[in-house]
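Novice: Note that this note's numbering gives residue 405 to position 405 of the sequence shown, counting from 1, and the numbers run on in steps of one.
There may be inaccurate statements among the hints.
Said to hold, decoys possible - Beta-carbon label-pair distances, calculated as ranges:
1. Ser104 / Leu210: 48 to 58 Å
2. Gly252 / Ala206: 53 to 63 Å
3. Leu217 / Ala169: 40 to 50 Å
4. Gly211 / Leu379: 34 to 44 Å
5. Asn203 / Ile93: 18 to 28 Å
6. Tyr260 / Thr52: 14 to 24 Å
7. Gly252 / Ala314: 15 to 25 Å
8. Val380 / Met309: 16 to 26 Å
9. Ala397 / Ala173: 51 to 61 Å
10. Ala305 / Thr393: 23 to 33 Å
11. Arg89 / Ala397: 16 to 26 Å
Hints were generated in silico from the structure; no laboratory data involved.
Source: prediction; values computed, not measured.
The C-beta atom is built at its ideal place from N, Cα and C for all residues, glycine as well.
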Amino acid sequence: MATAYWDRTAEKTGGFWRSGHTPTLIAAFLYFDLAFMVWVLLGPLAPEIALTLGLTPAEKGLMVATPTLAGAVLRVVNGLVVDRIGPKRAGAISQIVVIAGLASAWLLGVNSLAGTLALGVILGFAGASFAIALPLASRWYPPEHQGKAMGLAGMGNSGTVLAALFAPALAKAFGWNAVLGLACLPLSAVLLVYLALAKDAPNPPAPRTLGAYFRPLRQRDAWSLMGFYAVTFGGFVGLAASLPIYFTDRFGLSTVTAGYATALCVFAGSLVRPIGGALADRIGGSSALSVALTLAALALVGVSAASTMVSALALFALAMLALGVGNGAVFQLVPQRFAAEIGVMTGLVGMAGGVGGFYLASSLGVAKQWTGSFAPGFLVFAALAGLALLGLTLVKADWRRCWGAGADVRI
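Hey, can you work out the whole structure from these sequences and the hints?
Specialist: In structure tokens, the structure reads:
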């Protein structure tokens with residue numbers, strides 16, 4: 001690891017807020033927040049788009065899942081770019097690509113399933129912001145504050161709330177294609193704020209060869225962390241993209257009301273992410289993650305049998321709360337184990353989360369088309385959460401003994 005990315009003196013005398021660079025933390029949050037807003041934009045718009053284009057349930061699932069998969073792949077690319085040119089410049093480039101893609105889709109129109117999938121790939125750049133915003137913030141803070149720093153920056157996933165709240169109403173007023181153009185306005189404003197506030201941390205890791213970037217994959221711990229995040233973040237983003245479809249198809253809600261219900265659930269998961277990071281700092285990331293996986297699995301099993309809107313909404317909110325805590329817990333662990341490779345590990349772990357989200361969103365559509373119900377998709381993902389809990393139980397003792405023993409924080 002480089003000599004230091006933080007001010008040790010300030011950290012000792014002023015606590016968290018003086019230990020790093022607050023303007024950069026704010027910039028990372030805002031950038032991440034608006035990027036996530038457009039990353040899941042097709043989810044709240046999906047009922048209207050599907051009606052216009054005549055999409056089947058499986059096609060709707062594929063449409064909302066495509067940005068997630070594209071974001072997963074591009075997170076690895078961004079992880080490499082961050083370690084090469086720095087997170088600030090990488091973030092600016094990615095945001096410009098997204099703005100240009102949305103503006104083009106608005107001006108030229110999206111008239112087919114293929115068009116929505118192409119747009120989904122462009123929106124993947126927004127999802128890949130994860131591999132930029134988190135290293136941008138993380139490199140400024142000492143190990144004992146990583147959970148809080150990563151949690152606050154990562155709370156930008158609350159942008160999914162903005163999409164669910166406003167996209168359906170704007171689509172009803174102006175048409176769903178116009179929403180693509182309107183999204184460019186806040187993105188452009190936040191880009192200017194980001195350029196003004198964000199600052200790369202001093203003493204970044206030296207650029208490495210391409211092979212060195214993927215060296216962490218030789219270690220079992222990297223695969224374990226990727227697997228856990230595939231469940232926690234994959235569940236969060238997969239549900240955020242799919243719930244508007246679920247609420248409209250399952251309970252016959254209007255697109256606007258379904259958006260409000262989705263926003264409530266997503267807000268719950270976003271709000272607790274920094275709490276999950278802080279909890280992990282206090283009791284250990286593996287302990288916090290164990291609780292989160294248990295609650296998420298139970299809630300998803302309950303959702304599969306929910307027969308009323310109220311019960312489904314309550315269980316989804318519980319699932320999102322648990323998954324949000326799990327997200328914060330995983331990213332308390334990542335910089336403790338892979339401090340020198342935080343850029344690429346953020347990309348790799350984020351990629352795994354995106355793959356998990358793609359699986360959940362697409363499988364729910366397939367389950368609905370093949371069985372007439374979303375329940376099998378929820379049950380399979382609950383089983384995956386159970387498997388992740390079993391895997392965590394098997395590895396956490398080794399973590400605490402092998403690399404947690406020398407850390408200044410709980411593992």
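Novice: If a hint holds in the structure, say so; if it does not, say that too.
Specialist: We went through each hint and held it up to the structure:
1. Ser104 / Leu210: 48 to 58 Å: Once the Cβ atoms are compared, 31 Å apart, the range 48 to 58 Å for Leu210 and Ser104 is violated.
2. Gly252 / Ala206: 53 to 63 Å: Given range 53 to 63 Å: holds, Cβ gap about 57 Å.
3. Leu217 / Ala169: 40 to 50 Å: Cβ of Leu217 to Cβ of Ala169: about 44 Å, so the range 40 to 50 Å holds.
4. Gly211 / Leu379: 34 to 44 Å: holds (41 Å)
5. Asn203 / Ile93: 18 to 28 Å: holds (23 Å)
6. Tyr260 / Thr52: 14 to 24 Å: Holds - the Cβ-Cβ distance for Tyr260 and Thr52, about 22 Å, lies within 14 to 24 Å.
7. Gly252 / Ala314: 15 to 25 Å: holds (19 Å)
8. Val380 / Met309: 16 to 26 Å: At 23 Å between Cβs, range holds.
9. Ala397 / Ala173: 51 to 61 Å: holds (56 Å)
10. Ala305 / Thr393: 23 to 33 Å: Cβ of Ala305 to Cβ of Thr393: about 26 Å, so the range 23 to 33 Å holds.
11. Arg89 / Ala397: 16 to 26 Å: Cβ of Arg89 to Cβ of Ala397: about 41 Å, so the range 16 to 26 Å is violated.
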